[in-house]
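K.L.:
The lines below spell out each chain.
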Amino acid sequence: MARHEVTFPITNEAEILKLRAGDEVVVQGHIIGIRDRTQVRIFDQGVEPPMDLRGAFLLHTAPGVRKLEDGRYEPVCIGTTTSARMVRFTEPLGEQYGVRAICGKGGFPDEAIEPMQRLGMIYFAIVGGAAALETTQIEEIEEVAWEELMPECLWRFRVKDFGPLTVGIDAHGNSLYHDVQAAAQDKLKELYARL
Amino acid sequence: MSAVATDLRQVVEDAAAHLYVWALKDIPQDLRDALVDAQQRETSVPGKRVLDTIVKNVQVADDRDNLVCQDTGIAVYTCRVGEHFPLHPAKIYEALYAGTERATLEHPLRSNAVHTITRENTGANVGYRLPIVHWEFIADWDGLDVKCVPKGSGSENMSFLKMCVPADGVKGIKQFVLESIVGAGGKPCPPGIVGVGIGGSADYAMYLAKEAIARPIGTRNSDPIVAELEDELMGLLNETGIGPMGLGGDVTVLNCHIEHADTHMTLNPVAVNYQCWAARRASVHVGPDGSVDFDREA
Numbered sequence: 001m002a003r004h005e006v007t008f009p010i011t012n013e014a015e016i017l018k019l020r021a022g023d024e025v026v027v028q029g030h031i032i033g034i035r036d037r038t039q040v041r042i043f044d045q046g047v048e049p050p051m052d053l054r055g056a057f058l059l060h061t062a063p064g065v066r067k068l069e070d071g072r073y074e075p076v077c078i079g080t081t082t083s084a085r086m087v088r089f090t091e092p093l094g095e096q097y098g099v100r101a102i103c104g105k106g107g108f109p110d111e112a113i114e115p116m117q118r119l120g121m122i123y124f125a126i127v128g129g130a131a132a133l134e135t136t137q138i139e140e141i142e143e144v145a146w147e148e149l150m151p152e153c154l155w156r157f158r159v160k161d162f163g164p165l166t167v168g169i170d171a172h173g174n175s176l177y178h179d180v181q182a183a184a185q186d187k188l189k190e191l192y193a194r195l
Numbered sequence: 196m197s198a199v200a201t202d203l204r205q206v207v208e209d210a211a212a213h214l215y216v217w218a219l220k221d222i223p224q225d226l227r228d229a230l231v232d233a234q235q236r237e238t239s240v241p242g243k244r245v246l247d248t249i250v251k252n253v254q255v256a257d258d259r260d261n262l263v264c265q266d267t268g269i270a271v272y273t274c275r276v277g278e279h280f281p282l283h284p285a286k287i288y289e290a291l292y293a294g295t296e297r298a299t300l301e302h303p304l305r306s307n308a309v310h311t312i313t314r315e316n317t318g319a320n321v322g323y324r325l326p327i328v329h330w331e332f333i334a335d336w337d338g339l340d341v342k343c344v345p346k347g348s349g350s351e352n353m354s355f356l357k358m359c360v361p362a363d364g365v366k367g368i369k370q371f372v373l374e375s376i377v378g379a380g381g382k383p384c385p386p387g388i389v390g391v392g393i394g395g396s397a398d399y400a401m402y403l404a405k406e407a408i409a410r411p412i413g414t415r416n417s418d419p420i421v422a423e424l425e426d427e428l429m430g431l432l433n434e435t436g437i438g439p440m441g442l443g444g445d446v447t448v449l450n451c452h453i454e455h456a457d458t459h460m461t462l463n464p465v466a467v468n469y470q471c472w473a474a475r476r477a478s479v480h481v482g483p484d485g486s487v488d489f490d491r492e493a
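Taken in order, these protein sequences are the chains called V and X.
The opening position of the first sequence corresponds to residue 1 in our numbering, with each subsequent residue numbered one higher.
The opening position of the second sequence corresponds to residue 196 in our numbering, with each subsequent residue numbered one higher.
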């Protein structure tokens, strides 16, 4: 299992293709925060997002923030939410907007594997709940769109040494979640027999 | 920490405001020990990476006086009210409501509370029937104990109820707990505490499961038959290989706690309520004179 450093947004597809399920990754550059209501607005209500998502790294988050007098926001506590709720947006995010990475916790079910392979996308697993640490890796909240959805806005963060992340699903059709679940289902049969 | 005041409603409000933030920032020592133990036991590479990050995160929260996890949950309180405590529970509820709201606005904390149909945020972690308060009344006593368990949604979404039939027996209970935790995978932020409620009725079984996750970690049910089941289930759950954050490994759960109630001869309910690794809880004791003692281990 290799270790990598990747800067987002990416412009070179090779940066995605070199990553394999189980690898450790640290991210630099800019990432975009997104959540349930943000994606419902884009895809179910048909509202164009006011940020460029090409080559982007999306983080499933709803940050805890403090509003400053000049209207900007500073982080209080920024962490990551469960991804599985939002799996249906994976394909259109890649196909319509060119998103290349989605980061969250708990993984995506198997329906994400095929579109991520076809569209050259990665799912990064972060450690859920480790928000105190994650907050220290966010240098600045650079932009907030759709403030009326607070805290489920579109956020642009500048990050430094964001991670460690684990490649949960790679762009080659491999998913750690699929493998762990398949092994656990086999194990359950053995455990039931012992009860 | 200790204080004396005569305005009991204000004392309870202040205590609730402190309790909520304290629970979010400073996780109990028994949990810290369990996480370090898990870190030492884990052998999978991604699993070890997760536990290293978790232990580091707890330290960062201490060093920077920040919340352990951004999910401030919904505030759930359990109150044990003495027969002779001089503030009526209706006023205790008002104080808990006001304390939760004040802590959210003053810190500030992320507000998670929304109207369940419109999804509009209510702004300060309070709303219609929020916070949630459970009551227990104690005869021949003049004190008040309040326990705050701000539980995140990632783990609360992984709650499961099955009305097993009596013929399913205890085997049916074990199978349901196992399939629930395997099915939950990485979503509830493992390794955490699996709370199981058995017996009673459908609603009470889930209440008992929630009570189970709020116990100090590794404590055992006072009924030896149930305590044995806690040990057995904990062992079985850690054989599933789900591992930290569902990435595979040896440690799937930190522990399994069970609460039980006698039930109808025709019922065999089993409820599962998962508590994430950031198993936050904090308690306060309020005396009839307004004295306040915060207890991190209760």
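Read the hints as simulated data drawn from the structure, not as lab findings.
Some hints here could point you the wrong way.
Here are the simulated lysine-lysine pairs, PhoX-like style, with alpha carbons at most 25 Å apart [as the list claims (entries may be wrong)]:
(1) V:Lys187 with X:Lys251
(2) V:Lys189 with V:Lys18
(3) X:Lys243 with V:Lys160
(4) X:Lys342 with V:Lys187
(5) X:Lys286 with X:Lys342
(6) V:Lys160 with V:Lys67
(7) V:Lys67 with X:Lys220
(8) X:Lys220 with V:Lys160
(9) V:Lys18 with X:Lys243
(10) X:Lys220 with X:Lys251
(11) X:Lys243 with X:Lys220
(12) X:Lys357 with V:Lys189
(13) V:Lys187 with X:Lys357
(14) V:Lys160 with X:Lys251
(15) X:Lys220 with X:Lys366
(16) V:Lys189 with X:Lys366
K.L.:
If a hint holds in the structure, say so; if it does not, say that too.
P.N.:
Here is what the structure says about each hint:
1. As the CA atoms of V:Lys187 and X:Lys251 are separated by approximately 32 Å, the hinted pair breaks the 25 Å bound.
2. Restraint check for V:Lys189 and V:Lys18: not satisfied, since their Cα atoms lie roughly 36 Å apart, outside the 25 Å limit.
3. Only pairs whose Cα atoms come within 25 Å are accepted, and X:Lys243 paired with V:Lys160 is accepted, the gap being roughly 23 Å.
4. The suggested pairing of X:Lys342 with V:Lys187 is violated, with an alpha-carbon distance near 38 Å, which exceeds 25 Å.
5. Among the hinted pairs, X:Lys286 with X:Lys342 is consistent with the structure: their alpha-carbon atoms are about 17 Å apart, no more than 25 Å.
6. A hinted pair counts as satisfied when its Cα atoms are at most 25 Å apart, and V:Lys160 with V:Lys67 qualifies at roughly 22 Å.
7. Pair hint V:Lys67 plus X:Lys220 holds up; C-alpha atoms about 21 Å apart against a cutoff of 25 Å.
8. Taken as a hint, the X:Lys220 and V:Lys160 pair is honoured in the structure, with Cα atoms around 24 Å apart against an allowance of 25 Å.
9. Proposed proximity of V:Lys18 and X:Lys243 is supported: the alpha carbons are some 23 Å apart, at most 25 Å.
10. Pair hint X:Lys220 plus X:Lys251 holds up; C-alpha atoms about 14 Å apart against a cutoff of 25 Å.
11. With a C-alpha separation of about 23 Å, the suggested pairing of X:Lys243 with X:Lys220 holds against the 25 Å cut-off.
12. At roughly 20 Å between alpha-carbon atoms, X:Lys357 and V:Lys189 fall within 25 Å of each other, so this suggested pair holds.
13. As the CA atoms of V:Lys187 and X:Lys357 are separated by approximately 22 Å, the hinted pair is consistent with the 25 Å bound.
14. Our distance criterion of 25 Å between C-alpha atoms is met by V:Lys160 and X:Lys251, whose separation comes to about 17 Å.
15. With a C-alpha separation of about 39 Å, the suggested pairing of X:Lys220 with X:Lys366 is violated against the 25 Å cut-off.
16. Restraint check for V:Lys189 and X:Lys366: satisfied, since their Cα atoms lie roughly 13 Å apart, inside the 25 Å limit.
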